[in-house]
Amino acid sequence: MVELKNINKSFSEKKLFFDFNLTFESGKITCVLGASGSGKTTLLNIIAGLTEFQGSCLKDGGDISYIFQKDRLIPRVSVYKNLDLSIKSKIKDKTERKKAIADILKRVELPDTINDIPQELSGGEQQRISMARGFLFPAEILLMDEPFKELDIALKSRLVKLFCSLYDAFPRTVVFVTHDIYEALLLADRIIVISGAPAKIVLDEKIELPRAERDAFGTELDVIKKQLAKALAG
Amino acid sequence: MKQNLKKIALNIFYPLAAFALIVTIWAIAAAAAKKPIIFPEPKSVFTSFFQLLGGGGFWAAALNTLARSALSFVIAFVAALALAFLGALFNPVHKLFAPIVTVLRAAPTMAVILLSILWLDYDESPVLIGFLIAFPLLYSAAYGAVTSVDESLLEMANVFKVPVKDKIACIYFPSAAPAIMDAAASTLSLTVKVVIAAEVLAQTKVSIGLEMQRSNMLFDIPALLAWTVATIAFCFILEFLILVIKRLITSIRFKVYLEAENG
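Protein sequence lines correspond, in order, to chains P and Y. Note that our numbering has the first sequence beginning at 205, numbered continuously upward. Note that our numbering has the second sequence beginning at 1374, numbered continuously upward.
The set of hints was computed from the structure by calculation and includes no laboratory data. Don't be surprised by glycine CBs; every beta carbon is placed ideally from N, CA and C. You may find that some hints are simply not true.
[Stated by the list, open to error] Derived pair list, reagent style DSSO-like, types lysine-lysine, alpha-carbon separation capped at 30 angstroms:
1) LYS218(P) - LYS360(P)
2) LYS1534(Y) - LYS292(P)
3) LYS274(P) - LYS303(P)
4) LYS274(P) - LYS1534(Y)
5) LYS292(P) - LYS219(P)
6) LYS1540(Y) - LYS353(P)
7) LYS1380(Y) - LYS298(P)
8) LYS1619(Y) - LYS353(P)
9) LYS303(P) - LYS1619(Y)
10) LYS292(P) - LYS1619(Y)
11) LYS310(P) - LYS292(P)
12) LYS1534(Y) - LYS365(P)
13) LYS263(P) - LYS1538(Y)
14) LYS263(P) - LYS1540(Y)
15) LYS296(P) - LYS1540(Y)
16) LYS1619(Y) - LYS263(P)
17) LYS294(P) - LYS310(P)
18) LYS1538(Y) - LYS360(P)
19) LYS232(P) - LYS1619(Y)
20) LYS1540(Y) - LYS310(P)
21) LYS274(P) - LYS1619(Y)
22) LYS360(P) - LYS1534(Y)
[To be verified] Which residues of chain Y face chain P? A partial, calculated answer using Cβ under 8 angstroms:
23) PRO1536
24) VAL1537
25) PHE1546
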């Protein structure tokens, strides 16, 4: 669980959050939608402790993992080393780390890239490694900042399926930020839309339909689609 | 393979062509000046140069000067790197050293040399001078390089609690090394020149500086120019060595998986 209480945050003259409260349920995928500049990434950075803020942020377990918008893989360092560095502080035994890395690379279908450096991988492969890192790091909470942005539809669809399979294997509390309605409809257990400055929650809806049965373009989700479109249009 | 050979050939051709151009212009200017005593032609200078090479005192003087230059440079390099890194991590350290670096950079070199001759031994003052000239340049370059490291990678490293030594080895070092090595190459040449200047004034025994002063006093201009050519050649070689080291460092890949497989 992640509980944000009385969050206050400003950038220059702009008040992003003022006495903002929000709780993210344990073990669920919560998607936060909003226009650019609404504070979605700042919200993630507040949870991650990457930015200063006033208020409180309580997290189960304390540790967080993060899948960034850009892969943020260390250049000229092998895929193995990139992944190894991310879990070194958590898994002290080298053999155990090696095994975990081999396993996650198999899951993301990139076992042969283990000795490659990021520059030798395609954009999609880099993002898959970034996703692997996000799930490899043992943390109760996973933050995702528009991880499918700038990907073409085919690749996006592949990565969304990959995310679902990784989530099933390594379930955790996920806070996922995007401005893509269809990603939210396919993945989220709960969708929140924030809007305005300071940010206010203008929509907070749960999706009960199991992920495996969802079709973003089908009719089952029409009601929430309309609600989302209305909320995002302001 | 063909492309590589072409690249190597061009890397040799252009410096040789530049050298030939300089010598040609020099020969034309010397012939036009018609003052062979004070403006000798290239032929007499290179004759003098090869005579120097064969002489007993050349290598002793050259190696002593290079050793002093290397000592002052290495001390400056290590100090600059350590303090720049500390300054990048702890801002008060940088705020403390930044004005000191500015003063050192702005201080007139000649004044510093003359003062150091008063304070130190003839053998020691060139080393101090070399350090005082090299340190501010290396500190500024190192600080700039370390603080230019990609913030997003550092953020990622903080999220995943990457150990400090790994942050230094895998993020800071590969990012900062190229710029630091470029600064090191140019600073090393400058250090050699400044050490020689200090040796001239301090009359340091067994040194290029003293040999240059001797040649000047004896009005042996070809010999003076020959020592100059030798110094330029040494600086070229030292810069080349640093750039080779830079190339090696920046092409290292961390193959931990293979190491794990083997041991």
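These are the hints, each one checked on the structure:
1. LYS218(P) - LYS360(P): violated, 33 angstroms
2. LYS1534(Y) - LYS292(P): holds, 8 angstroms
3. LYS274(P) - LYS303(P): Roughly 26 angstroms between the alpha carbons, so the hint for LYS274(P) and LYS303(P) holds.
4. LYS274(P) - LYS1534(Y): holds, 19 angstroms
5. LYS292(P) - LYS219(P): violated, 38 angstroms
6. LYS1540(Y) - LYS353(P): holds, 28 angstroms
7. LYS1380(Y) - LYS298(P): At roughly 43 angstroms apart (the allowed maximum being 30 angstroms), LYS298(P) and LYS1380(Y) break the hint.
8. LYS1619(Y) - LYS353(P): Violated - the C-alpha atoms of LYS353(P) and LYS1619(Y) are around 37 angstroms apart, more than 30 angstroms.
9. LYS303(P) - LYS1619(Y): Violated - the C-alpha atoms of LYS1619(Y) and LYS303(P) are around 35 angstroms apart, more than 30 angstroms.
10. LYS292(P) - LYS1619(Y): Cα-Cα ~29 angstroms, so holds.
11. LYS310(P) - LYS292(P): With Cα atoms ~20 angstroms apart, LYS310(P) and LYS292(P) stay inside 30 angstroms; holds.
12. LYS1534(Y) - LYS365(P): Measuring from Cα to Cα gives roughly 28 angstroms; hence the hint holds.
13. LYS263(P) - LYS1538(Y): Holds, at roughly 28 angstroms.
14. LYS263(P) - LYS1540(Y): holds, 26 angstroms
15. LYS296(P) - LYS1540(Y): holds, 17 angstroms
16. LYS1619(Y) - LYS263(P): violated, 45 angstroms
17. LYS294(P) - LYS310(P): holds, 21 angstroms
18. LYS1538(Y) - LYS360(P): Violated. LYS1538(Y) to LYS360(P) sits at ~36 angstroms, over the 30 angstroms cutoff.
19. LYS232(P) - LYS1619(Y): violated, 49 angstroms
20. LYS1540(Y) - LYS310(P): The hint holds at about 27 angstroms.
21. LYS274(P) - LYS1619(Y): Cα-Cα ~29 angstroms, so holds.
22. LYS360(P) - LYS1534(Y): holds, 29 angstroms
23. PRO1536: holds, 6 angstroms
24. VAL1537: Hint on VAL1537(Y): violated, closest Cβ of chain P at ~10 angstroms, above 8 angstroms.
25. PHE1546: violated, 10 angstroms
In this structure, the earlier hints numbered 1, 5, 7, 8, 9, 16, 18, 19, 24, 25 are contradicted, and the remaining ones agree with it.
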